[in-house]
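> Spelled out, the chains give:
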Amino acid sequence: MSDPRLSELALDGLWKNNPALVQVLGLCPLLAISNTTVNALGLAIATLVTLVVSNGVVSLIRDWVRSEVRLPVYVMVIASVVTIIELVMNAHFHSLYNTLGIFIPLIVTNCIIIARAEGFASRHGFGFSVFDGFVMGAGFGVVLIALGALREVIGFGTLLADAEQLFGPVALDWGIRVLPEQMTFMLALMPPGAFIGLALLVAFKQAIDQRQSRRARAARGARSGEPTAEVAG
Amino acid sequence: MPEARATVSEGLHGFHGGLLLDEHKAPACDRPVCDIPLVEEYVLPLHMHIGAPAIPVVAEGDRVRRGQLLARPDDFISAGIHAPTSGVILAIEPRALPHPGGLSAQSIVLKADGRDEACEPLDPWPDYHDKSPVEIRSRLREAGIVGLGGAVFPTAVKLATANPGGVETLVLNGAECEPYISCDDRLMQEEPLAILRGAQVILHAVSASRCLIGIEDNKPRAVAALQEAIDRLAAEEGEARFEIKVVPTIYPAGGEKQLIRTLTGIEIPRGRHLTDYQMLCLNVGTAASSWRAVVDGRALTERIVTVAGGGVHASQNLRVRIGTPVAKVIEAAGGYTPGVDRLLMGGPMMGFALHEDEVPVVKATNCLLALRPVDREPPPTPQPCIRCSRCSEACPADLLPQQLYWYARAQQFDRSHDYHLFDCIECGVCSAVCPSHIPLVQYFRHAKTEIWSQEREKVKAEHARRRFEFHNERIERQKAEREAALAKKRAAIQAAQEKKAKQAAAGESEAASADGEKEKSAAGMSIEAARARAKARKAQAQDPAKAQDRRQASPELGDDAGPSGTPPEGDAPDDRPQDDRPGGAS
Amino acid sequence: MWMAILLAVGLAILFGILLGLAAQFFRVEGNPLVDQLDELLPQTQCGQCGYPGCRPYAEAMAKGEADINRCPPGGESAIRNLSDLLDVEFKPLDDDLEVQEVKKLAIIDEEVCIGCTKCIQACPVDAILGAAKQMHTVIEDECTGCELCVEPCPVDCIDMVPVDEGVEAYRFPMPESAHPVATRGPASPKGTLANA
Amino acid sequence: MTEYILILISTILVNNFVLVKFLGLCPFLGVSNKVETAVGMSLATTFVLTLSAIASYVTHAWLLEPLGLGYLRTIMFIVVIAVVVNFTEMMVRKTSPLLHNVLGIYLPLITTNCAVLGVALLNVQEANSFVESALYGFGASVGFSMVLILFSALRERLAAADVPAAFAGVPIALVTAGLMALGFMGFAGMVSV
Amino acid sequence: MKFPVQTSPHVEATSSVSDLMTTVLWALVPGTVVAVWLLGWGVLFNVMLAVGAAWLAEALMLWLRARPFRPALTDRSVLITGWILALCLPNLAPWWLPVVGAVFAVVVAKQLYGGIGYNLFNPAMVGYVVLLVSFPEAMTRWGAPIDGGAASLSLTQAAQWTFLGVLPAATGFDALSQATPLDQWRMLVTHGGEIRGVAASVWQGGGWSLWLNLAFLAGGAWMFYRGAIRWHIPVAMIAGVLLMSGLLWGIDPARFAGPMFHLLAGGVIFGALFVATDPVSASTTPRGRLVFGFGIGVLAVLIRSFGNYPDGVAFAILLMNLAVPLIDYYTQPPVFGRKPGHATESVTQSRGES
Amino acid sequence: MKGLELRRVVITSVILAVFFGLGVGFVAYTQQKTADQIELNRQAVLLGQIMEVLSGEDYNNNPAEDAFILPNPEALNLGAPVIEPAPDGVLPDRVAGEALDRAFSAGQVGFRARHDGEVTAVAIPVVTHRGYSGDIRLLIGVDTEGEIQGVRVIQQRETPGLGDKIKADKTDWILGFSGRSLGDPPAESWAVRKDGGRFDQFTGATVSPRAVVGAVKEALIYVERHRPELFGRAAEASREGEEHE
Ligand SMILES: Cc1cc2nc3c(=O)[nH]c(=O)nc-3n(C[C@H](O)[C@H](O)[C@H](O)COP(=O)(O)O)c2cc1C
Ligand SMILES: Cc1cc2nc3c(=O)[nH]c(=O)nc-3n(C[C@H](O)[C@H](O)[C@H](O)COP(=O)(O)O)c2cc1C
Ligand SMILES: Cc1cc2nc3c(=O)[nH]c(=O)nc-3n(C[C@H](O)[C@H](O)[C@H](O)COP(=O)(O)O)c2cc1C
Ligand SMILES: Cc1cc2nc3c(=O)[nH]c(=O)nc-3n(C[C@H](O)[C@H](O)[C@H](O)CO)c2cc1C
Ligand code: SF4
Ligand code: SF4
Ligand code: SF4
Ligand code: SF4
Ligand code: FES
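Protein chains in written order, with this note's numbering: chain A, 81 to 313; chain B, 68 to 653; chain C, 301 to 496; chain D, 508 to 700; chain E, 2 to 355; chain F, -12 to 232.
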């Protein structure tokens, strides 16, 4: 397979083929862990690291594994990476580790990771694979953090509260109050709020895309002189 | 005459749902049927019945006389067409049809000469009792008799399906449940004997033992007239097979299955024929015209048409020759009133709107309804279904129109099947009661025709696939053969020739292996080349300037195709799968 | 630590043997999905989808490489059926393909035809009859309207004409409604088959 | 006995895997466009989840715990589950093409789905016994199947709705899932397991 | 002559959606009047705020979606949504509570699905449940009925409380408020006590819930008479409530409240007549409606008896809304000619033999 | 079957074994490196919780390591035991690590704070079933005088936004118990205001505070009643504590 362009890869991971918004993968952690920005950040970083490392490792070993054991080996690689991350987090970010709970080991089954390992890293070189892991992880992470921020602001009225869990004592006063406590909408913190919050993000992206393609069509139409039907949203 | 009602018979069974409608039968049902004058031109679509279009037996310029066969039935399910008057065949060409889609189709155009000469009638059979059912059926077929109740199904075929199991009960459908229409009513009032005689013919043809006549209770005069005729027959001939059943006026009491259910309590499921239950159902008009065809030998060239609605001056029933342009019929009924903006063929519930009035009256035309805006409220804009279930409560087929609508709208046709779309009789009741004013029936028609079309496409696709595979195989085989032949030649024939042949073959196989993918046959190559060219042309077509030099470019593009050693394609058809077109709406 | 590695290696060997044997014992060939997909394509073999014929397109879809909205002759209903089979969202025909409104049929102008047989070679379903140097005709019932024969003709004598499908093939239109059907609206986000 | 029933009620309704615990969401969203596929997926998931709950219990209780290798559970579970599923898939494909037609295409999808690993890990966390573990897995998958089928039927009904363009497709499905979760909040507190 | 065409049937429309909705609106009046009388002006403010907010939210969404205002705003369904939501809210609710609920109901539960007819869930109940889980404090501001409670606030006092959060000097909030009977029952169960006493309190306290329920019944009768609702859902739902609560009560009368208590307390009657009958989100087949209503009744009692929330009717309705497509599918009435046990079979058989 | 290809099977297994071994090796290595830190963290968490309720007290042992099985746990509504106590009610040795965590969250163990081996306070769990939804678990620190050092909610499922204000991270309400004892306020005032007591309730939520107040009161009574077992056996317990080391 020919090597892709880095800029295209980046655009793909962050926007066009965003794992969370477009492929709609990795939803479980996305919804479960996005009740605060800091939790989201923590999981985003863990996922990103896993993606980068597993993509890199898979790309390195891709010539050594036969097709029938490919999947087990990849799963194994990912599981090892995740377990190592889990242990490290347990040791060094203990309170975050406790809040993320079961969703750290569950990074293993985050479909994005196996999808990238299978779909990308097993066919591309180390550098590309690592880069792909990075942008995909970043694409996922950005959405995770955005959702976390959204839910935290609406549900708690704060932003970046408890940052010290992740960044240590320096971050003790990072948290800010955005909304007064009386104006918070607790639904955002509950399961329905998670679903609806993600729905809003995906809809937001779709709206932008639709707007762009409408523009593009209008531009094309203008060039060929055809009248274009305005599409009502 | 809405005040007077006939007494509803005892022991009826009724059906689910239905609708009470304003009847609007007067004044047409109070006025005698009139004839209308000859017109100059008659248009006879070859396809005005269910089944295959008829095949013309006359040519342009032929002189014909009234009753003469113009087109013969093509298939088993088909019906003949006869000249409504004497004249000259002007043309056989596509003409506008009375059709909801405003389509055109091949029609025979007859220029009347005004003399209205009759041709020799078919052999009259006053004592048809000697004739076998087969003979009677072939007579009905010859005379072009089709059901006049709306479905225009060839009556001979209907009788033929009846024969294997035999028929016990003949049901004459005189319900005429739609508002405005009164052609059957008038027929029953004016010619009760013709109907009864016709029924006798059919009773004989299917050896049935009784005949029920279902009439809605809003036609007391028809009931009285028929009863009198029955009594007379009973007195004169001891005829005791007839019985009138007066049914309540609930639309669609005249639907065949609804009528049967009302009369007998039996529900005929879809996919079953009445004849599976030893029954047969005919419209009263069909019975009358059958009588004329068998006993008098007269073909079906005219029918009674109700012209009604606020859009015409004189609502009345007219005896109209098939093929008469609708405009002339309206004229005969006094012409349009000002403000008319809709012309329907059929009743307000099941009829469809005509695009124009130049279309001819066909055998199915029981009513021409001209409406003004004041005759109905302006159609409110449809709103989304609120699932109030009024439609399902009213549906005479016990369907769930709201669900059907939903899935038709979403184009989830397999779900439409789950909800029994094809049991819908398109009676329009659901649309009429819908508080959201959704044109439900239209959705169902859309879904049905869409499904049929998909089925046709599927059969076609299957056919094309077989052809394509066959094509590939053939090319493969020929290539192999040619190579074998070339190899032989190579040994025997001169070096020069050999070289030439080699080049050709080599060129081809090289190309074939170039892509390295499987099954890249010569066929594949040529098709792909064609594809590439088609693409190029498409690209050019978008750029008119380039399209200019397309002609010069193409021959060169085409030159690399293999030598024209392909044998004539005429050999192929033996292997070609038989043409199996799917049946359409039948 | 060595305990862990020992356990891992032991299990791995066990599983390796299990899977290795199973892979050989339970081997099955073929991919029924391709057949099912192929069934749903119109078999026009026109190549507009970008694949050389319908089956290759079906194969590509089965592999998750091609989107379901690339076949213009199949139109909306084919896309709908494909989306049903693969359980992905319906999406309208790809923007860069042209929708085919009417079915067409090739007609050879018999006056002009020089009998070069080039069209015969191009036709994927053998719908053209004729021998070298003789006038050719298209068998109407066989022609799928793929237009592949048009271009090769050196004298440009093949025209594509709309098919008259007869009254029985009339399709009632979907009622015009104040409320457009959402699924026909702008494309929903692209979901590849791989994540179906 | 009551305890077992409570486990089932808890996993199916109160702590529904999809709507409350947020596990198995990818297939929940991905395989719910049509009722038929949802039914297939449900059957397959029920099978795999129960099986993997058992397999992972065995792995944990008989292998990892005695050896003091509890920290390896993620790796071991995922591998054992992958192997078990893979093996069953191959076997089913060979022995019963019919069953494979119903379940087959979903089986590989399920291996990489949180619910499966989640069941295994949660069983360890809750220190469930063998029977409890199996029931937990079964209950979780029944809960999953139930909401999946309900959801797919709802989504079919959505197909004709006039959803705003930006919300067409995934977003409105997510909103629907959210409102489902809202309804399921009514079960909160029913069982304290 | 050419004519414009239109599809059949070509008969006059007999009814319209707005007629239907108007019937429901009128049917809500008696219950609302009684509620204002019993529970004070707060109820009226709730209705006005919720209806107004719902209407504005609908208008705004229609504008955003570039849809015509005409049929959607005049069909009056959105007024029902707001009104029904308002009748579920506590009489001492702050002003923003009905507003937030109505906006959420209309925007998320209705307009995101495409507006009237397309929503899968009952918008009013979505709004109510969202408020319940998000603002439990505000949602428990129930003032005691008539004697000495919230109803004794004058119009201005009530307005001051609703809009400004200010109470007359002498009255504390705790003096006005009182747990609802369902809540009292729950507390008794958790703290041990006589259930019988609570059941009686429903009848005492001026028998207020009885009057309210009678008023709703009157409205329901009007809707039934006008054909806006069918009997299936209310009857089945009440049967579900009575059966399920009777069952539990029979098992342990000390722990579970009796059927009459369940029937009269909380929103059972109101829900059965006005909410569960929302045609859009309910089942549409006759048998389906029986299943739907019965399910709501059973679930409501279960949630009341075992769940965290004192009243389960709203949750039960949402939960059964979920199941509607499946219920509809499996409760299709037998199609013409396919009725089981119908005489056709025997005829077919005799035909097959001949 | 076209003959078994054993070679393939072997290769498959070997590949799997190599990668599996390598992966697990790395993990095991990491585990070794992090194990101590993880154990420290775990203890720190436990200790943190205990220290919160022992805030005012002066002690110099590690209470987290000074766990003991509560005598007569029924009095505190505690559920079924997760660990079997040794016959004399002494904590079995192996209860450490995760098992201790479990015993703690099940509310089966208490902790002692000592100053130079002398027990100065205990942190004991209490459970109430009177919460609005489900049980509320509390940890209460009481010193030898019977004065409350601190109360914290360990586990609760009260309605978010209403009953959950009993949690320290939502409101300061629960801090109001510090310094109180059975006599302060007098026994009849150990109730929420609505019931004529001294403690505030929340608007719209009386049940949860009422439950907590009741539970704290019960715990104090319990401490009073079991004073000897809780504080008296100081010497014995300290000996065990040393054995743990
Ligand atoms: C909804 C509906 C209403 C019908 N109403 C009548 C009617 O009033 N009179 C009638 O003769 N046929 C009516 N038909 C047609 C009958 O079903 C049936 O086709 C006809 O009676 C058979 O007789 P024929 O073959 O002679 O036309 C109706 C059909 C449908 C679907
Ligand atoms: C809303 C809806 C729900 C359905 N639910 C199911 C279902 O739960 N189980 C089922 O087997 N078929 C269900 N179907 C029926 C399917 O359309 C289909 O008929 C069936 O799944 C085919 O499987 P079968 O042949 O094994 O019955 C449902 C259809 C609809 C429209
Ligand atoms: C949905 C809901 C949840 C509630 N949750 C709690 C709760 O968690 N804790 C509590 O004390 N009261 C809760 N209540 C309120 C109680 O039911 C009861 O009304 C209240 O405790 C009585 O206190 P008051 O006399 O101060 O109004 C809740 C009420 C509702 C409607
Ligand atoms: C009998 C009847 C009951 C209704 N009940 C409700 C209701 O409970 N909640 C609601 O939001 N709308 C209700 N509506 C209004 C309307 O149907 C509802 O807003 C739709 O769900 C909007 O699509 C009702 C309408 C009718 C005719
Ligand atoms: S009558 Fe109209 S609005 Fe009512 S359920 Fe039927 S289609 Fe829907
Ligand atoms: S048109 Fe079809 S669905 Fe509608 S009422 Fe008539 S039979 Fe029923
Ligand atoms: S575009 Fe469609 S018809 Fe043409 S080759 Fe491709 S799949 Fe076949
Ligand atoms: S005749 Fe032409 S258009 Fe028709 S199928 Fe053959 S190549 Fe295609
Ligand atoms: S992330 Fe849970 S199933 Fe995909």
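Just so you know, these hints were derived from the structure itself, not from any lab.
Source: prediction; values computed, not measured.
Cβ coordinates follow ideal geometry from the N, Cα and C atoms, glycine included.
You may find that some hints are simply not true.
[To be verified] Residues from chain E that keep clear of chain D, each with C-beta distances beyond 10 Å, as calculated:
no. : residue
1   : Thr23
2   : Asp184
3   : Arg256
[Stated by the list, open to error] Mimicking PhoX-like on lysine-lysine, the simulated pairs with C-alpha atoms at most 25 Å apart in a straight line are:
no. : chain 1 : residue 1 : chain 2 : residue 2
4   : E       : Lys3      : B       : Lys178
5   : C       : Lys363    : B       : Lys515
6   : A       : Lys285    : A       : Lys96
> Determine for every hint whether it applies to the structure shown.
Now for the hints, and whether the structure bears them out:
1. Thr23: Since the minimum Cβ distance to chain D is about 24 Å, threonine 23(E) lies beyond 10 Å and the statement holds.
2. Asp184: The assertion about aspartate 184(E) holds, with a minimum of 14 Å to chain D.
3. Arg256: With a cut-off of 10 Å, arginine 256(E) remains clear of chain D, as the shortest Cβ separation is near 15 Å.
4. Lys3(E) / Lys178(B): holds, 23 Å
5. Lys363(C) / Lys515(B): violated, 34 Å
6. Lys285(A) / Lys96(A): Satisfied, since the Cα-Cα distance of roughly 10 Å is no more than 25 Å.
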